[in-house]
Structure formats: C-alpha cells, structure tokens
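**Q** Spelled out, the chains give:
There are 2 protein chains.
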Amino acid sequence: MRILVLGGDGYLGWPTAMQLSQRGHDVAVIDNMARRAWDHEFGAESLVPICSLQERIAVWEAVSGKHIVAHVGDLTDYTFLEPVIKEFQPEAIVHYGEQRAAPYSMIDRRHAVFTQVNNIVGNLNVLYAMADHVPDCHLVKLGTMGEYGTPNIDIEEGFITITHKGRTDTLPYPKQPGSFYHLSKVHDSHNIMFCCKIWGIRATDLNQGVVYGVDTEEIVQDERLRTRFDYDGVFGTVLNRFLVQAVAGMPLTVYGEGGQTRGFLDVRDTLACVELALLNPAEKGEYRVFNQFTEQFSVLDLANSVKEVGKEFGLNVTINNLPNPRVEKEAHYYNAANTHLIDLGLQPHYLNDTLLESVLRIVQRYQGHIKESLILPSVDWRSTVNQPAPDVEVTLEEQQVGAK
Amino acid sequence: MRILVLGGDGYLGWPTAMQLSQRGHDVAVIDNMARRAWDHEFGAESLVPICSLQERIAVWEAVSGKHIVAHVGDLTDYTFLEPVIKEFQPEAIVHYGEQRAAPYSMIDRRHAVFTQVNNIVGNLNVLYAMADHVPDCHLVKLGTMGEYGTPNIDIEEGFITITHKGRTDTLPYPKQPGSFYHLSKVHDSHNIMFCCKIWGIRATDLNQGVVYGVDTEEIVQDERLRTRFDYDGVFGTVLNRFLVQAVAGMPLTVYGEGGQTRGFLDVRDTLACVELALLNPAEKGEYRVFNQFTEQFSVLDLANSVKEVGKEFGLNVTINNLPNPRVEKEAHYYNAANTHLIDLGLQPHYLNDTLLESVLRIVQRYQGHIKESLILPSVDWRSTVNQPAPDVEVTLEEQQVGAK
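If you read the sequences in order, they're chains A and B.
Heads up: the first sequence begins at 53 in the numbering used here, then just goes up one per residue.
Heads up: the second sequence begins at 53 in the numbering used here, then just goes up one per residue.
So here's chain A without its partners, still in its complex pose:
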C-alpha cells in the first residue's frame, strides 16, 4: 500500500513510518520540523537524543534495506501539499501532523490562534487534496480522547444513540474539550465528518489516549532510530514526567487531587491500531471513530505505580500535590468504550512493572540531560499570558496562512 505519514518526524510518526515500511508498504513522510522548532522556543529537548530525519532515514535504509521518502514542508501550504499528494497517489494517509500539546495551546492568544489555525487549515488542505487527487484514499486521522472531556455518562466511540421525547437517533457524541488544542481536534472531527458526507471521503478518526513507552520492534534494532522522549511542562506527558522526577530525586507533581482519569496505551499499541485501521479501511463516504486506548488510570494511580517501581531501583520517591494549573474535574466518573480496535484484533500491551522498569532504565541512562527547571507546570489555564520558559519572552510569529 502507498502510505503517506503526516508528521512523520514526530514521537509517533517516525516509529509508525518505520513499522509500515518494515511491513512492506511504500512509505513517504511529510514533516515541517515544527516539533523540533518548538523545543528551541523553550530551550527544551528530547531526553533521549534523536537523529535528524535525514539521518534516521539513512540508518533505516542501512538496517532494513527499505527506503522512506521525506518531504519537508508545511500542511498549511497548499502549494507544497498538493503536488506531493498528486504525485505520490497515496492509498492511505496517516495524519499525525498537528500541534499536539494542550499547554502549548494555552500559553497565550498567539499560541491558541496558531494551534487552531495550524491544525484546522492543515487538515482542511489534506481533505481538499484527497477529494481532488485521491478520492478513494483512506484518511487515518489522529484525534484524542480529550475531545470527550469527562461526561457523567459512559463515553462511546464517536457516536451515541439517543432516545429523546419518544424518538431515537444516532448522533455525534457530545464534545467537551479542555484546551484550545483539544478544541482544534474537535473542530477537525466535525470538518472530516462533513467531507465524508459531501465528497465520499473514507476516514477513520482515532481518538487516542495518552501514549507511553519508547521501544518498538524497529527502534530496538539501532539506537539511532530512537524516537523522542518529552518530559517538560509543555510537551511532556504525565507518565514521562513522573519517571524523570523519580530519577532526578524530585517529588512527583500531581495536579490537584490526582483523580483525573484518562485512557492510556503503549506506543506499540498505537502502531498496531494504526495498522489495523489501515488494513480494515472505512467504507467510501464513511466517517468512523475508534477510541484508541487500552487501559484507564487516574493520575494518582500512575504516581503510585512509579513510586513502587522506584523503590525497586532504590529511589526514594515522594508525591507532591500541586495546585492544578488546568481547569478540569479532579474526581469524576470515567468509563470509555474501546472495543472497535479490540474487535479488529488488537492485542494490548498492558502497563506493567517490566515496562516501567525499562523506561526508567532509559531515563537513568540519560539522567545527565534532565533540565529540572523545565519540568514544573508553567502554563496556567486561568491566565491569558503565560511564560513557559523562564527568562525568555515567547514571541511566536503567527501562521501566515495566505502568504505562501
């Protein structure tokens, strides 16, 4: 299958590209290197050193004998995107190519506007290019479980059947996203659903939980193939942050009560889910949603797991409840469906001590790279002006959508 991976230089995009290449697909990637640039904005970097995209592709070719084609450019620039899609004629597009950090989107007005414009326009451009040049292509789009928020009823997979005043219909599941980033994914979902309806596009929206883990079958073949490991207050996810804090001898920072419950999954399962979606494509005109996570944990559950594993490593791990920088419920009902991918054959890798230990070992190996000043939360949802990098005023240039 000819598969185009958007955001193919990122945490998930790069391992996905390699795995699909390994499976014999003809893989091309698009990336604008934005994720690397955002690190420069804060003086942050991946804890695990990563090679350039060009080096990664060269190493992958040496290791596997397979070639991945890279196109460096921006999805919001249609004069870049259109010819790539027109010439490559992908049969499937895996779309990771968005700004994906909630705190980044909450820094200030410019970052909020950037996040929504970047994500919405890039996604619209992909949809138009598909309609015009590859109308049978299958879009596999990364959404987020965060689109649903924390309703007091069970979360279903994209749609819910409602009986109301004696009538029944199956409608899009109500969305209550919790950041300008999560909002951008809700906007994308609505746009994609509409394009499936009017143009007959086929699309799978993967509402993904929080991903953890650093190893995949391909990555372990050569450490120059490693993918990024983010732990800073802006791009780091909760489990990574806890593991880094444990190694650095800092208290694990739980936001508020820590009762926030979310879906989680192993990076290997992300890759498996994407492949399952690709091998079982949506019908022509179909917009379907899969909830992509394997287990639910509260933040406090995770902190306690890290504390326990830390003990085995001789680490004295403490937990510190910080005032919550986010506006969210800290104790709530949470029960989300995730059977669609299981029904397609997903064999989950559940979170266990072995996984935590292996990641902890990686963190210990790169302990010298930890920048403690970047770990604590620096973006407050209640403030319209945040300064995530101490001593640096961020003056991001907003997207010049039309200038290209």
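Among the hints, erroneous ones may be present.
Copies of one chain are not kept apart here, so a pair can be met inside one copy or by any two copies together.
[Unchecked claim] Cross-link-like lysine-lysine pairs, in silico, DSSO-like; alpha carbons within 30 Å at most:
no., residue 1, residue 2
1, K381, K336
2, K336, K138
3, K381, K249
4, K249, K336
5, K423, K359
6, K249, K138
Just so you know, these hints were derived from the structure itself, not from any lab.
Model the placement of chain B on the given structure of chain A, informed by the hints.
**A** This is chain B only, laid out in the frame that chain A set:
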C-alpha cells in the same frame, strides 16, 4: 449600557446598532467592510441601495440626534481590536462580524479556509480581549440553527439531557452542520463554551434561523438608513430569492424536493431577541444558548406563500424544482425548541401576507436593479471548485492572520 456591535455595517448589524442607539445605549460599531467587498467579487449588490457606513451614521445623527462611533478594521487583527475594546470598555458585545454565507464557504478550498480562519480567529481574538480588558462584559454571539443539522429527534436549546446505560448528564447538543460556514459556527460555539469555563466569561449564543424583512422602527424614518437586501445565489436567502424571482417573472427555484424545513424570523424579532439577551445577561462564567427563530417552514411552504401573494399582485408565479446543489436531507423530521426567548418576553412578528406584500413592493420598486444571472445557484456542495460569478475566476487572497 456601552455596547460594541461587531459587523455593524451588515444586514443585521446596522439595524441593531441603530435600535440600541435609539434605546439610549452608548453604541460603537466595528466593521471591516468585508461584506461590501464580497459583492465586488461577484459583481453583485444589494437590491435596495445602501449608503456608506459614514453616510448612515451621519443620517442617523441628523434623524435621532444620537451618535454611533465607527471603527473600521478586522477582528482577526488583534493590534486593531485590542485597543478598541480596551478604550471603549464595552459592557456588552454583539458579535455579527463573521462570513455568514454557506455557499461562499463552499466555493473552493480558499474560501473554505478563509471562512473558518476568519470566523474562528476573529472570535478567539474577541474572547481574549474580553478576558484581558473587560472580564465582566457580556458576549452576545450570533450562531445559527444550522449548527444542529436535521437530527431525527427534537432540537433543544444548546444542551440535551441524556440518560445512557443508567446514568444521566446534560451535555452539549450534538452538532451536524452542513457547510464549512456552519462548521465555523460550531467551532466558535465550542471555543466560547470553553472560555466561559476557564475565564468566567459570560456569553449568550444565539442560534438564529433565517431572517427576512427589510423594515425596522429606525429604518422607516429615512430611506438612507436602509439595510441591505441580498438575493444572489451566494449571499441571498431563500425568501428574498423567491420574492425577486416572482417580480422578475422567473420560476421560484426550489432545491430538490423542497421539504427542507428550517426556523425563520422577522428582522424586527432579531433586534428584539438581541435586546432581550442584553437586558438579561448571562451569569459570570455562564455559556447559554437561545434558539432564535419564531416559526418553522419548509422551502416549499415558502414558495407556495410567495406564489399566493404574487397572485394578488397579478404575477403569474411558477415553481421549478432544481437539482439540489447542497448535500442535505430534503424530507426530514424537524422540531426545534425556541422557548428561552419567548420566556424572556419576545412578542413574535409572524410571517403573514402583509409582510410579504410590503417586501414585494420594495422589490418591485427596485426591479430595475435585479441581475437575473446572479440568482441561480452557482455553488455545488459536491464540487471542490466552483465559479460563482460567470466569466470571472475568483482568486481570493487568504487571510494573512499573522502579518498584521
């Protein structure tokens, strides 16, 4: 009350500004003149001649002795918007300042991207300026009944109480918008709801039906105060189109079966609803939704009403069912709640022969201005490239969000 009207030069913005001024409020308007520019794009114009904003304001001052302040600039330009809000310190903002035509948003990729970026960024800028400079200000935002689509259950006002698997919650009503324009309003609604939650903004989202009518208490005082009357295939609404076709001796063009049912209201009721919302503001942090229409009609109902009234004027009106340029259900259940505004005291002006006759007389008066070539639908939802103005290729420059 100090009230800022965004889009104060438009079909509804101008009559709203005058009425609020007449009622003794301190009114300022913002407009970027975009609506007038879009006419130039197609060689279209309001059937009823309208004065410039500057002339309107001068005439209004001569007629009423009251002054309206105008700021000409773009909501997507924060360097323009922020100082206006900071200095005027509005107690309420009425936000009509968006691209509001579904066909315009469906012309091609550039118009779709423009519509979503323009509407979303302008609205985000308003929200940030409110949070920073007038945190107690009440936002009265024009949404559309089209956000709901045509579900097979009753449409409620913004939220619906769902009992599911033994648990109950009140959640945002599921949205199924039918164009990139309608989608932009859904995106706005989600963004506003979130800002109310995180910053304590107070907001009323008016999901408005299709507005008809040309006269208000203020407009009838001097014809130089008239507001625009659109009948072309891009910006015209269905009732206006039918009245113009009746006068021009053209068949009334019903799209498909004509069973499409929508909410409608008189322009005088729009003004009354906005005033009711202003006088009964949302609570701090409250996001509320009012469905703003007074009656439901199918397209065929309207065509038949115009046919009947036409007879009285000696017009031989015929009806022609065209292939539907839109992707929508043409026969469907439709029952939408609209009690919130009635409960606040709205006294509706229902559509009757007298109203139709009075508008028909206006159309007859300006019959010589009718451009028949602009009336038929020129934008097909199934096509990604439309050419709404015969013999003119539209090359809209996309919004340069960041360049300002």
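**Q** Please go over all the hints and tell whether each is borne out by the structure.
**A** Hint by hint, here is what the structure shows:
no.: 1; hint: K381 <-> K336; verdict: between (39 Å within a copy, 19 Å between copies)
no.: 2; hint: K336 <-> K138; verdict: within (20 Å within a copy, 51 Å between copies)
no.: 3; hint: K381 <-> K249; verdict: between (35 Å within a copy, 12 Å between copies)
no.: 4; hint: K249 <-> K336; verdict: within (10 Å within a copy, 38 Å between copies)
no.: 5; hint: K423 <-> K359; verdict: within (21 Å within a copy, 75 Å between copies)
no.: 6; hint: K249 <-> K138; verdict: within (22 Å within a copy, 43 Å between copies)
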